[in-house]
Amino acid sequence: MSKRKETARVISQEKLADEIYSMWIKTGIASDAVPGQFLSVYTKDKTRLLPRPISICEADDKDGGRLRIVYRIAGAGTKEFSKYKTGDEVDILGPLGNGFPIKNEKAILVGGGIGIPPMLELAKRLKGEKTIVLGYRNKDTFLDKEFLSYGNVVIATDDGSLGTKGNVIDAIKENKVDGGVIYACGPTPMLRGVKKFAEENSIEAYISLEERMACGVGACLGCVCKSTDTDDHSKVKNKRICADGPVFNATEVEL
Amino acid sequence: MSKRKETARVISQEKLADEIYSMWIKTGIASDAVPGQFLSVYTKDKTRLLPRPISICEADDKDGGRLRIVYRIAGAGTKEFSKYKTGDEVDILGPLGNGFPIKNEKAILVGGGIGIPPMLELAKRLKGEKTIVLGYRNKDTFLDKEFLSYGNVVIATDDGSLGTKGNVIDAIKENKVDGGVIYACGPTPMLRGVKKFAEENSIEAYISLEERMACGVGACLGCVCKSTDTDDHSKVKNKRICADGPVFNATEVEL
Amino acid sequence: MSDAVMTVNIAGVEFKNPVMVGSGTFGSGMEYSEFVDLNKLGAVVTKGVANVPWLGNPTPRVVETCGGMLNAIGLQNPGIDTFIERDLEFLKDYDTKVIVNVCGKTVEDYLEVVERLSDKAVDMLEINVSCPNVKEGAIAFGQKADALFNITEQIKKHAAQPVIMKLSPNVTDIAEMAKAAEAAGADAISLINTLTAMKIDIHKRTFALANKTGGLSGPAIKPVAVRMVYQAAQAVKIPVIGMGGIANAEDALEFIMAGATAVAVGAMNFHNPYTTQEVIDGIHDYMIKYGVKDIRELTGCVKQV
Amino acid sequence: MSDAVMTVNIAGVEFKNPVMVGSGTFGSGMEYSEFVDLNKLGAVVTKGVANVPWLGNPTPRVVETCGGMLNAIGLQNPGIDTFIERDLEFLKDYDTKVIVNVCGKTVEDYLEVVERLSDKAVDMLEINVSCPNVKEGAIAFGQKADALFNITEQIKKHAAQPVIMKLSPNVTDIAEMAKAAEAAGADAISLINTLTAMKIDIHKRTFALANKTGGLSGPAIKPVAVRMVYQAAQAVKIPVIGMGGIANAEDALEFIMAGATAVAVGAMNFHNPYTTQEVIDGIHDYMIKYGVKDIRELTGCVKQV
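Residue numbers (my numbering), protein chains in the order written: chain Z, 1 to 255; chain R, 1001 to 1255; chain D, 2001 to 2305; chain B, 3001 to 3305.
Careful, some of the hints might be misleading.
To give an idea of the chain B side of the interface with chain D (calculated C-beta under 7 Å), a few residues [claimed, not checked]:
| hint | residue |
| --- | --- |
| 1 | 3172 |
| 2 | 3220 |
| 3 | 3296 |
| 4 | 3300 |
None of these hints come from the bench; they were simulated from the model.
Glycine residues also receive a C-beta, built at the ideal position from the N, C-alpha and C atoms.
With the hints as constraints, model all of the structure from the sequences given.
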């Protein structure tokens, strides 16, 4: 399960929605990866030194290890990735971060926007009953159909063009979704809503955070989040998202 | 005959000798080019901002304009060029510089190492009698056979493995080469020899210089050479190789 | 363009847009007029001119670095006589503002050039007290606040046109330098000139440049330049002209948001001779996209994250 | 490797090779020990440690720039107690030299850390008086020669280990700073720390970093760093440790030829965690290729072109 940097090969690339791409990569890192972990992906443009942290959407052992990332074009780096074709090389470092803890309880998986992808591998590996709550801007959705075989899927859209009009918490309430544990990844306002909902309903919640990163391995302290209590490693109220996270018990962190 | 920057296409690429490559490019710039002019060629590696000045080896109107450059791998930029394949894009600026004046006299064309390529187009366009003197390090030669249809070819090699052992002046003397005008391109020590030989024998000589360049169009004054007299443009004893040259009458410049 | 006003005013001079060129990267416009329509530029800023012709430094004078380049031209120039007869004469045919960059080895050198230009078709003067590549004068005036104050004050006494002092980034406190220029009466400041730098050829074990050191420019230095423009703009009330590695409109907008009234495209002219026009068009597109009616709404608008 | 001696000696401490890491880019080695064998490094230079834990700055703390990055971590650290118990304990198992980077807000802060380390398994101290990202202390000591002299003198009185003063590049005259450190008794100097810089998000119209400014590092700044190392090495007799954008052996050799006795790999660890090992191997290859018997033949060997 050791981290490593390697040059992997693109198996396939597909556009899923506006500015959302899915890429399968052939890499031995896949065998070590667990849901909630991420990769650092490096650009070929040498003016850009820092890797892009991208969550792992799927990973399995087939053909010596295959790993899928689903990502949004957020700038020139991810734009470059979106142009890679089958057989192209891609430099990656991974697997990074802790991943979601697998709990043996009825689960609610909550993904918002580009926070949805890590929920797919998690949905596959959680064997119990689960509801998957997905939040999108509008009906230009992605990955939602792939979740159908793993549980009940509930959708919220900002503009109401599909599912509940509103956010993922609105959808949870409207559909009376319940469970013993919540797993969530998405924008900070969404995670704040999830944390509050979990507290109000006394449900354990694990949330995956993001922040601008440099090293990706816990050395540079670039990507910290605020912790509720003094952190054992940092000795201050900061946790390293890349190394202590990206998944935290919602009670551990302040958003 | 206006200068322009454009994205051209690679027609073909071929390795001629150790670290020496030949690339044909499809570009309208070819129609305006004359022998002795050069192109600024830009790398795709965005960390490298300055173009590489590369002399034009051949240029004609076929297929909307075709232009050939023959270049040595001198660093990462030219290494990148050597990997381009048919159909790849290449950014070029040109045609740059003045080119050789076409004189109606018995001519001696002298090329040393990577100074040989511009002599090929010149040899094609000089209609009179001519001898082509080519200097190489050793018998790993390039382009020499292509000159055969344009004139008498004489070769010098540093190690004596082919032709005269020694430099191009040695070869000129050994072969009693004569003419009314000399055209030369090559390393500075060779050009010094040519300048001296031309003076001693009262032959007019045109020599093509090189220097590290930035703009390539005469604006930055990065690539000057020393001029014998005060230059009319600079008002000091400096001439701009990219704009006033790269070809100078040997009496105009100090080496 | 009536729905996106791009004109800016510096010391009473109105520029049709905020995009100029960096002195020394554009000659006097002649060579680049084959690529860009000079009439479209906010201003042409000429290569530095002295009272007499300067030979400049030996070659190599330029070398590439990661995301940038070093130059040590050493302010080679044909002197003020030829400049007036040839370069200013050329620029008369264009509908753009002309800013003449002035260099010298002594205060008297600068004053001679400034006075020779007093009755010429020149809109502003930019005083180069920050070139790192000449041994005498120049940067000696630009690295100490009192020296900068003194030369600025002298030039202001003799200048017929508004004066821009071009500041060196090779200082501990750029705000102090900006304030010294303002206190001495400068009408505007421009920054940054190049960062003193060095490259070594490890195979030959020599300096890459004959001058040992050169000035670093290009996108590599942009973050330093934006910081200094911000600090300078916070420190003074006179307009700031920002430059340092601008390659596109996004870069130019960073400088404007940091507080620059105008910007200059420098080394990137060498990479892409069309850069100035692309920056002008890109700023206009940004204004349309975000409904910015007047470029001045953006000047210094940067806020806490 | 007997045919290419790579050991270097700084203030009596012998390093197996001249390749270290830049403070703050390598933690205390723990995280990077998954990628490189710490036993192979000349030294591990730890992230700055203060007398008490520091929270550091708000996020965003890092952002990319052309050929570089900005950071404004703000010297977050767990304090000297945890550092001794955990980080130094971890490093005890490795056969490499340990250089502890020390930071503080007051002279007393620095002295407390220095004294706490006096009986610990630490080979050298590197004093950080040049971090641009903390408001109090730190850089205030590093931008004025007299302040640098004073803190260096005080630290030398209390330090059990040889002292390296880490210099800021954000100064007018690096030679003056180097001389001040030497005159006050520093055993070595290291440079450069980061260049103060800024990036603006033009779409949000905010600073990219919560701290507004950050320190620029990476290949973009290498030419500035090489120049300063050269000037510092010319100015002082004490050893110089060079750093700033080293990505490979060629870069490291530039610093060595400019006068650095040792070098440090900084931001490029983030780009490629194997960089240190590659630099060590590459220097060795260069020595074999050119028949260099001892790395010291290369130190400061640069000559006029």
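Original post:
Hint by hint, which ones does this structure get wrong, listed from lowest number up?
Top reply: 3, 4
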